[in-house]
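There are 2 protein chains.
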Amino acid sequence: MFESAELGHKVDKETFSAEAPKLRELLLDAQFDLAQAPRFPVILLIGGVDGAGKSETVNLLNSWMDPRHIETHGLEPPTDEERERPHMFRWWRQLPPKGKIGIFNGSWYSFPILQRAHGDTKDAQLDQSISRIQRFERMLLDEGALLLKFWMHLSKDVQKKRLKKLEADPLTRWRVTEQDWEHFAMYDKFRKICEKTLTATSTADAPWTVVEATDFRYQALTVGQFIHDALRRRLDGAANQPRLLAPPLPSRLDSVNVFQTLDLTQRMEKADYNVELERLQGRLNLLTRSKSFKKRSVVLAFEGSDAAGKGGAIRRVTGALDARIYRVIPIAAPTDEEKAQPYLWRFWRRLPRDGRFSIFDRTWYGRVLVERVEGYCAEVDWMRAYGEINDFEEQLHRNGTILCKFWLTVSPEEQLRRFEARRDTAYKRFKITDDDWRNREKWDAYQQAVCDMVDRTSPGHAPWTLVESEDKNFGRIKVLKTIVERMEADL
Amino acid sequence: MFESAELGHKVDKETFSAEAPKLRELLLDAQFDLAQAPRFPVILLIGGVDGAGKSETVNLLNSWMDPRHIETHGLEPPTDEERERPHMFRWWRQLPPKGKIGIFNGSWYSFPILQRAHGDTKDAQLDQSISRIQRFERMLLDEGALLLKFWMHLSKDVQKKRLKKLEADPLTRWRVTEQDWEHFAMYDKFRKICEKTLTATSTADAPWTVVEATDFRYQALTVGQFIHDALRRRLDGAANQPRLLAPPLPSRLDSVNVFQTLDLTQRMEKADYNVELERLQGRLNLLTRSKSFKKRSVVLAFEGSDAAGKGGAIRRVTGALDARIYRVIPIAAPTDEEKAQPYLWRFWRRLPRDGRFSIFDRTWYGRVLVERVEGYCAEVDWMRAYGEINDFEEQLHRNGTILCKFWLTVSPEEQLRRFEARRDTAYKRFKITDDDWRNREKWDAYQQAVCDMVDRTSPGHAPWTLVESEDKNFGRIKVLKTIVERMEADL
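Just so you know, the sequences run in chain order A and B.
For the first sequence, position 223 matches number 224 in the numbering used here, and the numbering has no gaps at all.
For the second sequence, position 18 matches number 19 in the numbering used here, and the numbering has no gaps at all.
There could be a bad hint or two in this list.
Since the list can't tell identical chains apart, any single copy or any two copies may satisfy a pair.
Derived SDA-like pairs: lysine to any residue, alpha-carbon spacing no greater than 20 Å straight-line [claimed, not checked]:
#1 165 with 100
#2 295 with 176
#3 157 with 370
#4 292 with 179
#5 292 with 323
#6 340 with 176
#7 296 with 79
Rather than coming from a laboratory, the hints here were simulated on the basis of the structure.
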């Protein structure tokens, strides 16, 4: 992998002085086109060994280009707001929006590689990290990001000389830390781990570019030209590149589906309901005040047919909670800041801190429900959403976040009764819109989408709970009971 | 102040049961109208003594209303991301957008009152806090927020009984902490401080409503009805209420202004420039690596005529910095999330953490420059901006953030030369737009606006630096020198 980067590549001063201004002009031009009509974000990863001129390259890129449209991120220790969310939260919040360039000097590769090198993890865990990274980058690429990954390489000899030279100069001595020498002692080990990681994550549309870092002029021109070429090619390419179509979902030969296993006639009498409600709300409240909850968080995802009773169920949950520890997040049209980011970004930004609930009234599943049925997004995009959503939820799980997902079901007949009642009740009028009436006409298509969703996104740690909501009392108790039992099991 | 809230107000069970459902319907209706056409945010402050049912009231409001459009905030310890910004940062980031209700159970009043009660501060500091709060709330009101402030009051006797009763019940015992009893011991002192604070901050359009908390039914209905009445009155009021006009700025009797004190013929030769530039960039780089900078931050504000050289000056600054520690923020049209917030919100959200630079390419002064001259906002709005900006910058100062503000000046003749050069240079074409040509025609109006701005927003801790940029080299060195000298003096 690193062979071509140990040949002593060099660019002389004259060539550099002649080429750099031309390159700068081209880069500014491409950056201008990118910012003028923001179609995609550019994500640059800069990795490599210590002393290989990573910061210098990043600084030079900033000076060549327009720094107003670049955001550079270093490898800082996570803040407490980041530590309480899944590991990738810090990277999600740093993703550049469309039209901007994000430079990551140190990235999602850094910790998995360093932890393995220090022996804090084993090969199996590194493999897991690699496969998570593959899926994350797949998502970025599918969302349209231009992802360029550079690895700055120094041979062992050259690295040693480089560190010694930096140390000898009083002006640069501060840059060589003890950690650098510790890392140097692990050069061979480090190299092996990097080689494995880079090989596994070099895909056709986001390969690693290994750059020899012996000569800074060579390194800078190589990186700059590569960025320009990739950016220009993408800018000049067709707006909608043909993309592979996902294989279609199997067609249904009969009308048997998971909903038919539900018994919608189940009811709960008012008196029993009142007793059960108070008991479950009491247990839930106690759970939120337990010591172990201070280090955990809860995400509740509510989906369901229109008028199936999401709002009512949510209020029975929040009724048990102190208002300061929850946030109900109604999912409507994304804001323009959200539209400039990958689909899941707006859910990542709403994840709860420890000791908190985020309650989503409609969720990330909109992609495979309304967006699929109404044709708001291409088949290939909602097809990949199943996998992206599973990744997202697996990260919540690994973070210790308790996730409960509810699909509230009513029969079409009951839905109609509720629509009519809402239309006729003044203070409920906000609950019924023309869209609701329209969606009703697509009942079968929605049912099909829900079945596919439940089939594809019910891993053991994030199962769907189908809630029979024909009788509101029965549905609400089932929701509360599910949450309480999951929390009692997990805390 | 608290007399009317010690009379033993009560509402019997029957009245409550009859009134609550009606009130709930009215509240939902008002909330619906608010969310449908978001014109203003609603900010509810809930203050008062311990045990006065603050959380119970907030929880009840959440259960009465639609929790999807409410965000409730408690008094959490600040996160590290908040601790590194000015004190009010945490409140700014929690402000509800237009169309939503933000409930603050504990607010910007809590710390000033508690600190004074504990003797950590003196009267003078409490007075300072009060006057800062007055200005902050004035801004919120002027920005259109509906601000409702409730103070839950218990007489000393009743509070004692309340705490004892809570303590006696095993189910509620957890809610009485040692801190509550400590606070109780300070009842009289606390009451005096609160009385003073509340009196000073009860303004005509945001008075405190003191609510007797002896009887929860009375308390809840009072608060709920007040919220409904205020919300409904505001919703049904004219969209554009007549507002007081600010007195006009004094008209200019002659054409003498601060710009005439500038000598635009000042130049710096290329050779001197190169030496100076390297020397100053070196000093700046060293400063950012000093230990004392780790606990400080820098905000640079760049304003100036079009083509005066803001971008070039910024690049000479960033050229001295590691790309990971700065962010250049170009100010263009606000996003829709920003438009739903007070004017300064989008600058607050970009404030740097410790050890970082935020470099604004155009700034919060847009309000009193382009928005004033182009008539994008009403006179009364840009007139109040001077005061709001001074408050904002004073908060940066108190936080230890080093703020440098630059106005870059060129003559109209030099501007024309640069416009023409830009138009004719391929890779600079992005720097010239039709707007630039149009703005040129309003040269005098802009000059006038700049003079008023400099007159009104140059306190000792945040002076404007007028930069003669007719010669770019001279201007860039002056910018760098100003930053370096300010940092050397402050660190």
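Verification of the supplied hints:
Taking CA atoms no more than 20 Å apart as the test, residue 165 paired with residue 100 passes in neither setting, with 41 Å inside one copy and 61 Å between copies. Taking identical chains as interchangeable, the C-alpha atoms of residue 295 and residue 176 lie at most 20 Å apart only when they sit on different chains, with a minimum of 16 Å there against 40 Å within one chain. Taking the shortest Cα distances, residue 157 and residue 370 never come within 20 Å of each other, neither inside one copy (54 Å) nor across copies (57 Å). Proximity of residue 292 to residue 179 under the C-alpha cut-off of 20 Å is restricted to the inter-copy arrangement: shortest distance 18 Å between copies versus 40 Å within a copy.
Taking the shortest alpha-carbon separations for residue 292 and residue 323, only the intra-copy value of 16 Å comes in at or below 20 Å, while the best inter-copy value is 43 Å. In this assembly of identical chains, residue 340 and residue 176 lie within 20 Å of each other by CA distance neither inside one copy nor across copies; the values are 40 Å within and 43 Å between. For a Cα distance limit of 20 Å, the shortest separation of residue 296 from residue 79 qualifies both inside one copy, at 17 Å, and across copies, at 17 Å.
Violated hints, listed in ascending order, are 1, 3 and 6; each of the other numbered hints is respected by the structure.
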